[in-house]
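Colleague: Take a look at the letters that make up each chain.
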Amino acid sequence: MATIQKEISLVAKPRGFHLITDEILEKVPEISQAKYGILHIFIKHTSAGLTINENADPSVRRDFETHFNRMVPEDMSMFEHTLEGPDDMTSHIKSSILGHSVTIPITNGRPNLGTWQGIYLCEHRNRGGSRKIVLTLMY
Amino acid sequence: MATIQKEISLVAKPRGFHLITDEILEKVPEISQAKYGILHIFIKHTSAGLTINENADPSVRRDFETHFNRMVPEDMSMFEHTLEGPDDMTSHIKSSILGHSVTIPITNGRPNLGTWQGIYLCEHRNRGGSRKIVLTLMY
Amino acid sequence: MATIQKEISLVAKPRGFHLITDEILEKVPEISQAKYGILHIFIKHTSAGLTINENADPSVRRDFETHFNRMVPEDMSMFEHTLEGPDDMTSHIKSSILGHSVTIPITNGRPNLGTWQGIYLCEHRNRGGSRKIVLTLMY
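Chains as they are written, first to last, in the numbering used here: chain A, 1 to 139; chain B, 1 to 139; chain C, 1 to 139.
Among the clues, some could well be false.
As the list claims (entries may be wrong) - In silico lysine-lysine, BS3-like type, Cα no more than 27 Å apart, as pairs:
#, chain 1, residue 1, chain 2, residue 2
1, C, K132, A, K35
2, C, K35, A, K27
3, B, K27, A, K6
4, B, K35, C, K13
5, B, K35, C, K132
6, B, K27, A, K27
7, B, K13, A, K35
It should be emphasised that the hints constitute simulated quantities derived from the structure, not laboratory data.
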């Protein structure tokens with residue numbers, strides 16, 4: 001068995017949900033060597049998250065933003081930790097609801113995602129900047 | 001170390017939360033060979049999820065359905081992505097909140113779950129059909 | 001490659017969100033031997049969870065408690081599974097939203113977390129007691 005690990009930086013993205021499948025996978029061409037394994041994708045931040053969801057219709061990503069803004073409202077009277085503005089504490093909460101890592105199976109040298117599955121960066125800050133990701137391939 | 005991987009199809013289930021621990025584990029008898037390891041369980045869909053929760057009282061699974069229907073309401077006026085009906089976009093959102101994979105420890109040839117823990121299929125669609133799962137055992 | 005696994009018990013904590021990074025990591029000094037790998041941290045309970053979030057300002061943990069109590073209200077009229085009181089069913093739901101495991105990358109003998117990331121125990125019960133955790137290091 002082998003372990004391959006890389007740390008990468010994503011291009012900065014505006015607030016919202018973004019499909020990053022290609023931006024991730026092109027960084028680990030070693031996947032083609034793995035018959036069976038897993039790829040662990042980890043974001044090193046507490047105000048952005050990672051998830052897997054629909055990879056075709058951009059309205060799904062917009063609806064995610066709509067829903068999460070309603071479910072975790074930017075009501076500063078609710079929170080103590082508001083120094084960086086109304087998107088500060090809500091970003092921490094959203095990132096823990098969605099999660100800081102996804103792990104996907106690798107099969108016959110390819111990511112074994114469903115037809116409609118893609119990897120999302122969930123950028124919750126108004127100005128999040130570039131985000132660091134650690135990729136660990138084990139096979 | 002060894003990696004064993006299988007892709008399986010679950011029997012189609014109605015909308016709601018379903019205990020699938022046995023349906024999963026009977027497909028990987030190789031767990032008995034693993035002294036220490038992990039089992040990664042991944043669902044290849046974007047409108048159903050996987051989680052771990054209480055394995056004894058069926059009312060817990062019904063209460064999950066009640067809560068998630070309230071927390072992610074089927075209000076089509078909220079969403080753009082509604083072509084397949086009111087359970088379309090909400091299913092995408094619920095699946096990302098609950099997650100698309102669970103990873104459990106394997107110890108001395110057995111899944112090392114707590115006494116009350118079971119694996120749930122979270123079926124969010126009214127007619128989701130059979131669901132594909134990839135199981136990766138690493139030890 | 002190697003797999004090291006341990007089961008530990010956390011000191012009992014009051015309801016709320018608690019930073020447990022040090023309490024976890026001091027139990028796996030073998031991390032120092034791992035050039036590249038992952039550490040899987042799994043909680044064997046259905047009424048407490050694990051997540052990663054901000055490790056510096058205690059008000060973030062208090063705001064998590066505030067938000068989750070609002071998002072998953074202790075309204076017993078909503079639920080069937082209420083035998084153990086108003087914090088029973090809500091604890092099950094909160095734990096599945098936040099998740100039962102976190103997996104972190106290990107790099108050059110150290111956990112490769114972001115500057116502001118720490119591991120949280122999410123204790124949802126009023127009297128949860130000591131919690132059991134399984135740690136699996138693979139490298």
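Colleague: Now look at each hint and say whether the structure bears it out.
Modeller: Verification of the hints:
no.	hint	result
1	K132(C) <-> K35(A)	34 Å, violated
2	K35(C) <-> K27(A)	20 Å, holds
3	K27(B) <-> K6(A)	33 Å, violated
4	K35(B) <-> K13(C)	31 Å, violated
5	K35(B) <-> K132(C)	19 Å, holds
6	K27(B) <-> K27(A)	33 Å, violated
7	K13(B) <-> K35(A)	31 Å, violated
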